[in-house]
Every structure is written in structure tokens, then in C-alpha cells.
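Based on the hints, put chain B in the right spot on chain A.
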Amino acid sequence: MNDNSTAQPSTAEIIERCQALYEDLEFTAAREWKDAEAGRKVVGYMPVYVPCEIIHAAGMLPLGILGGGDQLEVIHGDAYYQSYICRIPRSTIELGIAGRLDFVDGMLFPSICDVIRNLSGMWQIMFPDTYTRYFDVPQNYQDDVGGEYYVHELRELRDGLATLGGCEISDDALRESIAVYNENRGLVRQVYEFRSEHPEQAPTSEVYLLMRAGMVLPVEEHNQMLRDYLDAARREERPLRDNCRIIINGSFCEQPPLNLIKSIEMAGCHIVDDDYMLVNRWLLEDVSVDGDPLQNLATAFLHQSADTAAKYCASDEEVGKQLLESVKHFDAEGVIFAAASFCDPALLERPMLVDKLTEQDVPYIAFKYAENSGQMQPIREQAGTFADSIKLWS
Amino acid sequence: MSQKQTENVVKESSMLKQKAMIAENFDNLTSAPETGRKVAATFVPGNLNELIMCFDMLNNLPEINAINNGMRKKSGMMVMQAEKMGHSEDVCTYVKADIGSMSKGSIAPNGKPMPPPNLLLLSYTGCFTFMKWFELLRHEYGCETAMLHVPYQGDGVITDNMRDYVVKQLKENVIPAMERVSGVKFDIDRLRENLRRSAKAEDDFVWVMESAKNIPSPIDAYFGGVYYIGPIFTAFRGTEQAVNYYRTLRAEIEDRLAAGQGPITPEGDMKEEKYRLVVEGPPNWTSFREFWKMFYDEGAVVVASTYTKVGGVYDLGFRHDPDRPLETLAEYCLGCYTNRNLSQRADLLEKYVNEYQADGLLINSIKSCNSFSAGQLLLMREIENRTGRPGAFIETDLVDPRYFSAANVKNRLESYFQMIEQKRATAAAA
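Chains as they are written, first to last, in our numbering: chain A, 1 to 394; chain B, 1 to 430.
Treat the hints as calculated values from the structure; they're not laboratory data. Certain hints may be false.
To be verified - A short list of chain B residues far from chain A (calculated; beta carbon distances all over 10 Å):
1. K38
2. R345
3. N354
4. R424
Unchecked claim - Listed next, the in silico BS3-like pairs over lysine-lysine satisfying Cα-Cα at most 30 Å (straight line):
5. K368(A) <-> K410(B)
6. K391(A) <-> K356(A)
7. K38(B) <-> K171(B)
8. K200(B) <-> K11(B)
9. K185(B) <-> K171(B)
10. K368(A) <-> K74(B)
11. K73(B) <-> K112(B)
12. K84(B) <-> K356(A)
13. K171(B) <-> K321(A)
14. K104(B) <-> K84(B)
15. K213(B) <-> K410(B)
16. K356(A) <-> K104(B)
17. K38(B) <-> K17(B)
18. K73(B) <-> K321(A)
19. K351(B) <-> K213(B)
20. K213(B) <-> K168(B)
21. K171(B) <-> K19(B)
22. K84(B) <-> K391(A)
23. K274(B) <-> K321(A)
24. K84(B) <-> K368(A)
As the list claims (entries may be wrong) - One side of the interface only, derived from the structure: several residues of chain B facing chain A at Cβ under 7 Å:
25. N161
26. S365
27. T426
Ideal placement from N, C-alpha and C gives every residue a C-beta, glycine not left out.
This is chain A alone, in the form it adopts within the complex:
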């Protein structure tokens, strides 16, 4: 019998675990984490960004809630929303009503759009025993204006979580948490760079699941998983593919079905950058661990954060700047705008981004999806035609 206890896991083994976590709408891993020690708390959060460091510093588990995907039958949730509202709030309500989130002690609803904003109020009414907070962030990026406001908001969040946990959240604990999340951000960046350099070695259908795992696992465990994946992906040889290199934009909230990502890849595209799981890529650089930790989180938010449609761009020159930089950095040949149906931020911003790409002769296509989209043939055809046009004529 072979002793595999010290053997390094393969990408297949890691992704198998990630896939199981992704498909588990009972959130068993998070429940087990909570049950392992008396008094543990779990705090859920929705896209697009919350400072998980503060939850972590309270000794709690941050749990990313990204809707119900394509495996959840939404029955109750549809009764709360009109047909012209996206799917993520209705499947999230479904998770709540069905008791799948009954172990969650707190829920954070970040400032991303009016639907998620109003969902915070619905949650307050429907689940009055859960600590529920609308997490507002500044749209003014001056240190003495938006920065000061944001530090206060972070303090309020810290105080709220401290009350929930019956504990104090010290500055030292916050600094330690920032350091752990810096490690996570660094590893995520490494995975993205590796995927760009060797897209056939780290297909996005895998990288996506790897990042999704980070939504439900303790960050320390996710860090180890990222390291293991990088090691395994570097070790393993996979066949080269003559795919074009594209960037996915607009998928930062409601997530596409995994099959949609696979369909794009099967249609001849290497996805070399995306905005699927922005929470772990929101802060673009390491956050300082010296000095006031809340101030450091605020400074990072103001000056080193990802560009997305949920943010205000202070000048027209800033609109699409990061996307164009990403095209250059990742040597992308085109952009696929893939937004959830009825996603106001992504769909309102898209015409401006299209203009910016057009000015730079970057080809693009656009389509919409829902988290439970089932028909992939049109996506495959559209992405395939796009890939062919890039290969043949760009």
C-alpha cells in the first residue's frame, strides 16, 4: 500500500474538492467550521467587496454568498421579485427561507447596486435575529473626505461585529488578519499571473472553482490550497491549445454557471483575466501592517482598489483605464462583456467601456446570462466566432 499522506495533491484532486464546495448549497464546510468550537460565528457577505480582515480579526468566518447558481430551484424567492430584477437576490432569499443559511450569524450587503442595497432591508425584516448591515463605501476618494468617512464606517463595522461576537477586536488582531489576507491576495495574484503565462496549465474553469473555494473556507486553508494548486499546476503537463486570449468583464456580482465558463474555453478562448471573484482581488497591493489598521484598509480602498462598475470614476479618462491596462498586461486579444441580465452597474457602464476599447482597436463581444442559464450553444457559437475572427483577422 502506498503512503500518500505526504504526497502533494494533484490539480484534479484540488479541483475536485473545490467543485464539491461549489456545489454544496448547505455550506457544510462552513457549518463544520462553526461546530468545531463553541461560540464561533459566521458572517455572510455578498459581492462585491467587504473587508474580510475585520470579520477574521473577530475570530469569525467570512462566508461569501454568491446566489444559488444553476442547481437551486427557486420557489419562494421568485415571490419576492418582479421578472425584471436579476436572479441573485431571489436565489439568496431562497437560501435564507429554505434554512440553508440558518447557521449564519451576520450578513453584510455591500454598496454595489440598488437591488443588493434593498436586499439588506429585506433581510432586516425577514431575518430580524441576524446581524444585518448595509456596508456603504465612499464614492469620494480623497483621504480627508471619503477616507475619513470610510474609517468611521469601518469602526462601526468593527463595533457591530464585536458586539455580535461578544469580544474585542484589537488593532493587533486586525494587523494579523491583514497579514493573512495580504498572503491570500499575493497568492491570488500569482495564480492569475500563472494562468496568463500558461493558460492551458490553469484553465479558468479550474481557477474559477479555486477562487470560489476561498468564499467558503477559512483564509488560511485557502492560502494552502492556492499554494498547492500552483505547485501542482506547474508540475503537470497539459496539451497546448491554439486559443485566443480574452478578458471577461461585467461578471462581478451574479455568477455565471460553470458551464458558461467551460463553453467559452471550449469555443477557443483562454480567459486571461476576469472579474468573477473581486473580493479577493479588490485591494490591488498589500495593505500596510504598520500603524492604524483601519486607516490602512481605508487608504488601500481609496488608492489601490480594483476598478468596477460599482464605483464612481472621477474623470472620463479613468473610465476603463484598468480594463485597458489589463488588456496590455495580460496580452489579451479581446474582451467578452458578460453581464448578468438586469445588472444595472455592468450594463450601464458597458457603452463607455465599449467606446474605450473601440478607440484602442480592441475587439469585443457582449452577451448576458443568468446564474441558471441552461442553453450554452448560443454562447459557444458567439464565443467561437469571436475567437475565429481574432485568429483569422486581428
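Frame of chain A; chain B shown alone:
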């Protein structure tokens, strides 16, 4: 009381006065290139009219332009034009009507082109779409933009931190931008004067809205509210004209009350008040008169509405305070209806249903407006549970005529009125 029949619509003197004021405002806007006056484009919720006036600037409201185009049956083509230009069919039709109108030369109701704004004053109050709307306008116009981020009342309170943040933005960003664009130095005493006039008008405005507590109600607080009671308050708040307008309107309503009359409708006085409703959500503008007729034909009067509170919830006591000029502007913005969380909205609707002795809550759910619409089905159930009175739900859109199905809306309204009758009969039998 003077009434006049114009273009088959019966109008009272306040309506005629309003028409003249709005026409003058459009003339001022379209003649700005000749007069040299600067134009600030801004939004209705959280608008800073008193501040804009301090800089001799004119106030251009893109939502109002979209509404105007909707009521004149022009918005449909504009929306489709914007969609042809790449704007998604899923997003707000105010935005698309505005963008589509620009591609057609932005013609004002007086037939003259609207000048491009000199300043985009983005008061991001209660609606995410505003933020991207102004980015889109800036992308087209390339003019200066001043951003005022108004935090949302997620916990149902205005904290010191929120107010300080808004005041700081006014001081450090908004006022300097207005000085720069207008060339006029900020005078806080001028602002105080404007605020003092606002507060005066606010007293009369609230009196008029609350007159609907009478049975029969002398006003329709939704259709009448948006047609002739509310609009002046937005573009003219802080002016002597607005003070006079609301004094005139109040006198008219006092006369109606004394005479025991119901609301004025486009077809004259409404006869019998059979149903009293509270309405949540914006109206449809493309078939506004047809929509209103479905109510007054059945004797249904809207006694309170939330859409008339997007420009400020004055009936809960807020008044612009000249002694705290910047703080009061901040509190005004923070307190607008769509900046309130769902629980606050439910509390207000419950209060309206009870205090205005309404038969129930009707929600007009608007496809374009997630700020209003997301959560409305829960609100309806909540109000039904709290008040024991029936709710109803209809769906239309702001300025996209493709989403107004008259037969469906009428059918649902008729069913709702039957439901109210049944409820009354059951209560009487008990």
C-alpha cells in the same frame, strides 16, 4: 376659484401659473448661450436648488426632460435610439430617453435646443443609476462634474458621520466646482435667504399634501401630486415664485375643502370619492392621462404617495434650516424617500394607510427603477399584515411605452376595487 378649459383639459389657476413658470424656466435654459448664464444639470432627489441659485446658475433636470418627452409621446423613439446605440434594454429608461434625446439635438418643450450643461452636479441620492447616468453624460459632454455622494440610511438613521461626510463634500468639492464654473463667489448669507424661502414654501406644500386626510380629499396626491403640486417644488424651491405658488395653491385647496369638493382632474372636478388609496412607486408618464383616468373614472383618489417624497419627506417634519445651511442640505439629501431603508419605507406607508384612512396600498412597480422596485412585493405583504387592508400590484414603466399595457393595468385595478368592496361588505356583515 378660477378654472379654465385648455386643450380639452380643465385647469385651475395654480396649474396655469405653474405652466407659465415652467415655460419661463425652459426659455431661460434655452437662451443661456445668449444670456451667458451657466447651466447645472442635476437630479430631483437630493437636488441642491438653493445652492445652485447662489451661483446664478440655472437648474436643468434630466429626469424632468425625460418625463416631458414621455408625456409628449416622444420618449419611445428616444429609448429605442439609445438601445440602437448600444444601451441595454434592461436599464433605466430615463437614462435612455435622455441619451436618445441628445442624439436628436436635445430639443426643449419650447422647440429650441437645450444647451449642454456647464456643470454636471451629481447628487448621488437614493439611486445607483444616477452615478452611471452622469458618467454617461460626462462621456458625451466632456464637461466638469461635481460628485456629491449621499450615504444610504442602511440602519434607518442619519449618523453624524454621514452628515459630516456630505457637508465636507459640499465644502471641498461641490461649492468650489460651482464657483469655478460660474465665476460667482459663494455667499453663505445668500444661501440662508434661499433656505428661508424654501422653509416657507415647505409649510404650505405639506399643508396641501396633508389636506388629503379630509374626506373627501380635495387633491389627488399622486397624479395631481406629480402633475401640479410637486414639480414646482423641485425646480423652484428657494425662490419667491415658489413661495407665492404654494400660497396660491393652498388658497385653492382651502376653497375646495370649504366647498366639499374632491380633486380636480383633467376632465373637471371628480364627483364621488369611492376609494381612497396610498400609492407606492413612480407613475407611468407615456400614458399618464389614460392611467389617471382609470382611477377617477372609478372614483378612486390617491390620498398619499411615496413618489412625491423623492424630492424630500417634509411631512415627517424636515424643513430647510437657514441657521445650519450646509448641514440642512446634507440632512435633506440623506432623508429623501429612496435613501431610506425598507423598514423606514414600510413605516411611512403604514402611517399613510392609517392616517389618511386609505382602503389599501397600491404599488405601481416600475421596470426601470430598481431603487423603488426591489423589495416592493415584501413591502406590500408587510403593509397588508400591519394594517389589515388589501394591497395590489401593477407593473408599468416610466417613459418606455412598450411597458404600459392599458388593458392589463385596468383589469387589475378593477379587480382591486372589487376586492375593496368585498372587504367592506365582509366588515359590514361582521
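The hints, checked one at a time:
1. K38: Given that every Cβ of chain A is farther than 10 Å from that of K38(B), nearest at about 20 Å, it holds.
2. R345: Violated: least Cβ distance 8 Å, not greater than 10 Å.
3. N354: holds, 19 Å
4. R424: For R424(B), whose nearest Cβ neighbour in chain A is about 27 Å away, the distance exceeds 10 Å, so it holds.
5. K368(A) <-> K410(B): violated, 33 Å
6. K391(A) <-> K356(A): holds, 22 Å
7. K38(B) <-> K171(B): holds, 20 Å
8. K200(B) <-> K11(B): Holds: K200(B) and K11(B) sit about 25 Å apart, inside 30 Å.
9. K185(B) <-> K171(B): holds, 13 Å
10. K368(A) <-> K74(B): At roughly 29 Å apart (the allowed maximum being 30 Å), K74(B) and K368(A) satisfy the hint.
11. K73(B) <-> K112(B): Holds, because 18 Å separates the two Cα atoms, which is no more than 30 Å.
12. K84(B) <-> K356(A): holds, 18 Å
13. K171(B) <-> K321(A): holds, 29 Å
14. K104(B) <-> K84(B): Holds, at about 13 Å.
15. K213(B) <-> K410(B): holds, 26 Å
16. K356(A) <-> K104(B): holds, 23 Å
17. K38(B) <-> K17(B): Satisfied, since the Cα-Cα distance of roughly 25 Å is no more than 30 Å.
18. K73(B) <-> K321(A): The hint is violated at about 39 Å.
19. K351(B) <-> K213(B): holds, 12 Å
20. K213(B) <-> K168(B): violated, 40 Å
21. K171(B) <-> K19(B): violated, 35 Å
22. K84(B) <-> K391(A): Distance of about 28 Å is within 30 Å: holds.
23. K274(B) <-> K321(A): Answer violated: K274(B) to K321(A) is near 59 Å, above 30 Å.
24. K84(B) <-> K368(A): holds, 17 Å
25. N161: holds, 4 Å
26. S365: Result: holds, 6 Å to nearest chain A Cβ.
27. T426: violated, 25 Å
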